[in-house]
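So the sequence lines, in the order shown, correspond to chains A and B.
Counting from 1, position 272 in the first sequence corresponds to residue 282 in this note's numbering; the numbering is continuous, with no gaps.
Counting from 1, position 687 in the second sequence corresponds to residue 1148 in this note's numbering; the numbering is continuous, with no gaps.
Hint data in this document are derived by calculation from the structure and do not stem from the laboratory.
Built from N, CA and C at the ideal position, the CB exists for glycine as well.
Just to be clear, a hint being listed does not mean it is correct.
[What the hints assert, rightly or not] Only pairs whose alpha carbons sit at most 25 Å apart, straight line, appear in this in silico SDA-like list of lysine to any residue:
1. A:Lys440 x B:Asn1289
2. B:Lys827 x B:Phe975
3. A:Lys435 x B:Pro1379
4. B:Lys1029 x A:Leu45
5. A:Lys97 x B:Asp1344
6. B:Lys1280 x A:Gly461
7. A:Lys40 x B:Phe1028
8. A:Lys40 x B:Glu999
9. A:Lys40 x B:Asn1137
10. A:Lys97 x B:Glu999
11. A:Lys440 x B:Val1290
[Stated by the list, open to error] Ranges between beta-carbon positions, derived for each pair:
12. A:Phe259 x B:Asp728: 53 to 61 Å
13. B:Asn1066 x A:Pro452: 20 to 28 Å
14. B:Val1290 x A:Glu401: 49 to 57 Å
15. A:Asn322 x B:Thr1364: 22 to 30 Å
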Amino acid sequence: MRTPFKILFIVLVFLTSACETLLEPQPVDKLTDDLVLNEPADVEQVEVGLYNAFRNITPAVIIAGDFTADMLIHNGTFTQYREFGIKQITPSNATAASLWGAIYNTVYIANFILERLPEIGGVSSAQRNKVMGTAYFLRGYAYYTALYSFGGVPEVLTTDVETNRNIARASEEDILNLVLSDYDQALDLLPDEPVNTGYAGTFTVLAALARLHLYLENWEEAEDFATEVIDSELYELEEDYSALVNEDFTNEAIFEMGYTLADDPGTSALGLNNLFVGRREIIPSNQVIVSLASSESGDRFSSMTFNTSDLNGTDNGWSVAKYGTADADNNNIVVFRLAEMYLIRAEARAQQNNVTGSNSAQSDINILRVRANAPTITTATKNQMIQLIEEERVYELAFEGHRWYDLVRTGRATAVMTAYSSNWKEAYEKWPVPLREIQNNPALVGNQNPGY
Amino acid sequence: MPMVRFLLSLFILFVSLSTAVAQSTVTGRVTSATEPDGLPGVNVVVKGTSNGVITDVTGHFAVEASDGQTLIFSFVGYKTLEVLYQNQATLNVILQEESKELEEIVVMGYSSVEKREITGSVTSIGANDFKEIALTGIDQALQGQAPGVQVTQSSGTPGGGISVRIRGSTSINASNRPLFVVDGVAVETGTLSLRDFGGQDDNALSLISPNDIESIQILKDASAKALFGSRGANGVVLITTKRGKNGITRINFDVQRGIIDPVKRLDLLNSKQLLELQREAYTNAGLNPDAAGLIPGVTDAVSTDWQDEVLRRGVLEQYQLSASGGDENTTFYMSANYRDEQGVQLNNRFQRMSTTINIDRKFTPKLKVGTGITLSRSFNQRVKGDNFLDGVYSGALKSLPYDVPYDEQGNLVGPSSPLYAGFPNFNPVAQALLPRFDATTVKILGNITANYKFNDNWNFKAMAGVDYNDVTEDQYENSQTAIGGYLPSVGGRGYGVFIASTATTITANGILTFSKEILPDHHLTAFIGSEVVYSPYETGSVQGRLFPSDDFTYITSAGIVDNGSSFKVQSGLLSGLAEAKYDYKDKYLVALSFRADASSRFGENNRVGYFPALSGAWRISEESFFKSVIINDLKLRGSFGYTGNQGIPDFRFMGTWSGATYNGSSGIVPDNLENNYLSWESTREINIGVDASLYEGRIQIFFDSYRNKTSDLLFAQPLPFTTGFGSNWGNIGNVLNQGIELGITAVNIDKALKWTTDLNISKNNNEVLYLAEDASPNAGYSAEGTTATNIIKEGYPLGTFTGLRFLGVDPATGNAMYKDLNNDGEINVDDTDIIGSAVPDFIGGITNRFVYGRFDLNIFFQFSVGNDVLNLTKASLVNSGQDMTTNQSTYALRRWQKPGDITDVPIYRVSTADEENPNNFHSSRFIEDASYLRLKNLGIGYTLSPRLTERIKLDRVRFYLSGTNLLTFTKYTGSDPEVSTLDGSTAAQGIDFYTLPQVRTITIGLNATLK
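Can you make the complete structure from the sequences, with help from the hints?
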């Protein structure tokens, strides 16, 4: 009777010794929470992760900026894009959810860095400042995007899940103050010249401030910040506009999101090349084609390409050219470039009645016109100049995600968009808060943007 | 010491034989009711001696015996007969077939019991039940054979995916697949390939040849399953392979050849019809069809029937050779099998070679060792299918008849040809013929078992086994295909992928059993044991592009190798288990079982799960008060217990970060949110059943009623993005399955004509009882005009369809009318309604078998009643003008054309960029009743007369003709009611989206046994 138990005992001992390796295997391709950002070597990795998350904001901004407005039309089958095409945007729109998600993914990692980095010893102050500055700046830019896309969004300032899963919308003013304060912090901490324009530096923040003050109609500040960036001489306009269409890291880029062959978004939901060229889910609208083909646009016509074999039925045959495949040298997404600084300054100057003459709106615009081999502006009134700048922004910044934000901030959205689509309504000056957020965050219930 | 004793006993035996008294030769013949020509292979032994022979092919025997001795005639499946020898001249004996149902030994996983002692709900399927059906895998063998088991083949692809559900779906996000155990070793189920092929996924179980299966046991209630603990909630399928028997070596050869056709082809429009329809769609939208290039006489100059171009009649071949036999100490079974099945799609082929060797050896009377090994290799030439823009069958349905597969020189039309239609018509013929999607799978399934019997009461059994699956996927799409040539992001010069992965499961256990009659009539059987299961999984893949030319098809020649990965995960389970069974006079039976599982998939706080079960049975027929001439055996069963489900991805309880890159640098991003409380899904199961045997076993009835409540559903719970995460895994819901099952086996006629009927029918109600969040998670596909095709909602089953409610076509305008659910005057997302369910009201199968002389006939019908299918194919093929790049079905000819038309197909009007086409919104228009009755199998066999057989030196020769899926009765208008595009999905089951229909197979076969 004893032998059976002896055998069982041996088996049990054998099994128990196997227990540890069997039941606590460690993932080989993952890091567990407690191992992240606990030593200096991790700092750079988390910073790269932050840029990786931030990069996902930018394709959605291009859809928002150009497709919510009148630059692009729908030519495919996906519901989320059809909604923008026919101007019947719903809270369940998947692109709205992905923009919202990308914003808060960025905010999470930024907050993670801001919470943890100060506690890690052994990090050089230069690196600490750079990474803290990056976290402030990218968080600020994420909230800036949220503010102008969705309005007052929840102000998430920690990584605490319990707090953040039940968090109400903040006022637009609070978000704006947060953006301004984040930009200020970043300005102090970031280096003047980052490794390349794929990373943020002092002048990136200044460019962001120039744009923000333009949006806020603080003309003087907008002009000053734009001037500071232009005068830094770190950036120069490309001689040939087609370089902006066909190349990454041009001389005029101030901040651009870098993709390499290995991490190109490809056919994923926000792979712009796939949407614009591969599947041609989204194509230029007839009126932007006319606009870019005008003589005032000049070389900027090269932002599009045409192929007869695509011309069929409602398909006008044109494609957006600015976003190339993984193999091409133009798969990056530009956030700020020098030409925009000229446009900001021109508008700020025009608004301050500095319309023509040297160092005026006219001279800034003509810099871009000359580069594009387009006729220069000889004379204009203030109002004419402001209208010219609106058009100039279409030529120059086509498919870079500006149009909708421009129309809304200048109060022109209703006028322009009602003429473009009978389905347009004022509610579309903001995107809807994604339905899934309202469904999963009790504090958002009943706080949808009006009109959705 | 035991060895010495063993030799000694052999010596004594030898001596006793050589000193036997003078004997005469007894001759005679053994027959039976069904074998009037003589029963071969019967053991004839002189009682008390080892003197024995075996009857020959014609049932004759000759044995030495002396007057007054008793002859014992025994044969598997027959009652053993003892006959006194009194110097008869010839001794002719008729053996009675044994009604052995109750004594049959049933394997229950860690122990075996006699059938009459079972206290739970177990269904057994024998090899005879499926021997003639052209099965690719063993999961198919379960189809229609067992009450409570729903088997749906996802498509007609050979070696393709199959969904098996036992007593409904218990889970939303964790696995719903039953645990399959072959000879004690847990095996892989589901798809092994890492590249999605729609409903045409591969299937790990197709590597196991059904011909080597002796029997299958399906464990359905807690009493039987709780011993499988955290893996038991979805049911357990135990498979026992064939083993040798003491006796003469039998060699069996089986050959099958057959033809394969799809069960149905859809009726699509030809060029002329389509052109007319498309012109009308433009005209209705106020556009000029000529301007859109739709010109009669030009556009419709050719009319290609793409289904004819890509579908073919496939050929099936299968050869099986097996040998089994042994002596009293060693038995063996060995087999080799080759199967070659051409799919009905061009270039689609599944080949399998496998061999099995099972050996059992009795080393001493106490120690038995058995080993079994199956080596199998499949070679699967796959094609893309279902909802792939560049699929083959899907392409054949969608592609416009205006286009051609070959140009005038006879070359395939590809992206470089001016005849290439381009997105989304990619020449499905080229998509079938040009890509190489080869998957080679090698499976090694082995086990070794040692059984040591200490004495009559104590027994120790140890088992160790491995299931090793190695898949190599070798894929190349050349420059004339959609991906390799057309897609700009790939570069237009070929696309190659190579993936290698291995999935291994190692199972080892030790079981100590005690069995004793503790008091007269009081029997106690108990065991205690432990088990360890370890599953490492490794994979690596690489992708290459920009090949120099189409002659270079391997990545070594690729211009860019720009995507690759490799990783490893491992999971483990460490368990202790015990069971105690008690019976009094075989009349009152009680069993108590318990398993504790520690799993690596769960957090520290919930690592160990406990799964107890209690069951009992009362054999009323054994009571003295029970007097019935009709009912011979009546048993009441009941069980209660808990099982679990741990089928979620690894490491989900940990907070983790994973690799990410930016601008050429590598870094890390958050990946998963920590949940240290993550735990099992736990199912509480109650089962009550009755087994009855009537008219001396001629009618047997099995009835079960159950109620299974699964709580703590493992769920990727949506989080607001403000947390930084989209979801995390939690235990947040309850699902209820309750139902009834009935099985009847009847011998209707048992004369010269023998007719038996097996009927099974079951009904399962599935209901989501509770979801922790208010959100109603959407499932399935996103849909036009509404949120999604499926919803998971409290009070409704998993597999519920949502959409707008279609009210018909407005005779005045031709527009679709939908129900304005919230009466706000607008039709939008808020009007989404529940519009159907993929869960059938009841399912079942009925098999009739007839034997008359040497002929046998087998007719098997399968049915499903009350299930809906979402015909998404129709949403594309009757699309009201939403998409001009898709061919339409002839159903579209019923469209509304002028005011006053009464029809169910809305007006065709082409969609323009700034106007929505609400006529093709996702609605109940695409939900169809997919109830069906299907003649799943019809088999006719003829066995040659033994005299003839003997002349060609064979034991038994049988010819047969068998057909599967011969007839289908259904109202469903799509190609097949029995498909599911989302292979293995639960919340979105029953969707037909360009899914290849099942195939009709007609085979002829020959089965020969020699010895």
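Results of checking the hints against the structure:
1. A:Lys440 x B:Asn1289: holds (20 Å)
2. B:Lys827 x B:Phe975: holds (15 Å)
3. A:Lys435 x B:Pro1379: Roughly 20 Å between the alpha carbons, so the hint for lysine 435 of chain A and proline 1379 of chain B holds.
4. B:Lys1029 x A:Leu45: holds (20 Å)
5. A:Lys97 x B:Asp1344: Holds, at roughly 19 Å.
6. B:Lys1280 x A:Gly461: holds (23 Å)
7. A:Lys40 x B:Phe1028: holds (10 Å)
8. A:Lys40 x B:Glu999: Holds: lysine 40 of chain A and glutamate 999 of chain B sit about 15 Å apart, inside 25 Å.
9. A:Lys40 x B:Asn1137: holds (17 Å)
10. A:Lys97 x B:Glu999: violated (47 Å)
11. A:Lys440 x B:Val1290: holds (20 Å)
12. A:Phe259 x B:Asp728: 53 to 61 Å: holds (56 Å)
13. B:Asn1066 x A:Pro452: 20 to 28 Å: Roughly 26 Å apart at Cβ, these two residues keep to the hinted range, so it holds.
14. B:Val1290 x A:Glu401: 49 to 57 Å: About 37 Å separates the Cβ atoms of valine 1290 of chain B and glutamate 401 of chain A, which means 49 to 57 Å is violated.
15. A:Asn322 x B:Thr1364: 22 to 30 Å: holds (29 Å)
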